[in-house]
Amino acid sequence: MSILPVSPQGPSNESRFDEEALDYIARSLESQGYAIVPAALAPELIDALFLEVKSMSGAEFKRAGVGRKDDFQLNRFVRSDKICWLRGDTAASGAFLDWAEKLRQGLNRRLFLGLFDYECHYATYPEGAFYKKHLDAFKGQSNRVLSTVFYLNPQWSPGDGGELVIYDESGEQVLEKVLPEYGTLVIFLSESFPHEVLPAGRERCSIAGWFRVNNSSALLPDPPR
Numbered sequence: 029m030s031i032l033p034v035s036p037q038g039p040s041n042e043s044r045f046d047e048e049a050l051d052y053i054a055r056s057l058e059s060q061g062y063a064i065v066p067a068a069l070a071p072e073l074i075d076a077l078f079l080e081v082k083s084m085s086g087a088e089f090k091r092a093g094v095g096r097k098d099d100f101q102l103n104r105f106v107r108s109d110k111i112c113w114l115r116g117d118t119a120a121s122g123a124f125l126d127w128a129e130k131l132r133q134g135l136n137r138r139l140f141l142g143l144f145d146y147e148c149h150y151a152t153y154p155e156g157a158f159y160k161k162h163l164d165a166f167k168g169q170s171n172r173v174l175s176t177v178f179y180l181n182p183q184w185s186p187g188d189g190g191e192l193v194i195y196d197e198s199g200e201q202v203l204e205k206v207l208p209e210y211g212t213l214v215i216f217l218s219e220s221f222p223h224e225v226l227p228a229g230r231e232r233c234s235i236a237g238w239f240r241v242n243n244s245s246a247l248l249p250d251p252p253r
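Per our numbering, the very first residue in the sequence shown carries number 29; after that it's consecutive.
Everything hinted at is true.
As a list, the in silico PhoX-like pairs of lysine-lysine whose alpha-carbon atoms are at most 25 Å apart:
{"id": "1", "residue 1": "Lys160", "residue 2": "Lys110"}
{"id": "2", "residue 1": "Lys110", "residue 2": "Lys205"}
{"id": "3", "residue 1": "Lys160", "residue 2": "Lys205"}
No wet-lab data here; the hints were simulated from the structure.
Construct all of the structure, not just a fragment, from the sequences and the given hints.
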């Protein structure tokens with residue numbers, strides 16, 4: 029199921045959006061709060077994103093932290109990945125953000141979520157890296173509504189580890205254990221599902237993102253980050 033078909037000439041931001049895929053994601057979010065979509069993007073775009081993240085220098089990535097704004101802190105016991113924000117200034121990242129915008133519009137039409145914008149970053153997990161169980165948003169305290177993870181790991185096998193474990197709202201029962209396989213998209217309600225990344229047996233790459241609502245007021249603007 030390809031959400032964003034891409035022309036053979038390379039990643040395109042003019043391609044027709046796959047309404048069937050949108051319907052599937054919306055139904056899954058409505059019925060269970062999450063969706064798992066293998067081969068979510070066209071192969072040309074997946075390859076372009078993979079080549080981009082692999083070509084980036086280590087200096088372009090920074091240690092990932094916990095929390096946002098005044099609460100931000102580095103904690104190597106909670107997470108040990110490195111990140112680089114996507115800004116749409118390359119062909120691949122621009123096409124990915126165009127896909128995210130079409131997904132935002134499509135989910136708003138179907139589910140009336142009021143999604144306002146999207147932020148995302150490349151995340152690399154060196155061998156042995158992990159991210160302990162956490163929530164992406166706490167009820168009533170965040171503007172993150174939907175979390176997305178898109179995987180860029182060719183020929184990933186169960187023995188390579190690095191699974192995304194999704195728990196029920198209590199954080200006790202495992203609902204899904206997702207291998208970070210090439211081209212797979214996971215999307216879930218940010219406030220509802222504690223989740224973790226198990227230690228990776230080799231380098232693991234993904235794009236993590238969040239669809240947000242706008243909490244701006246006359247006195248307090250709400251920037252993307």
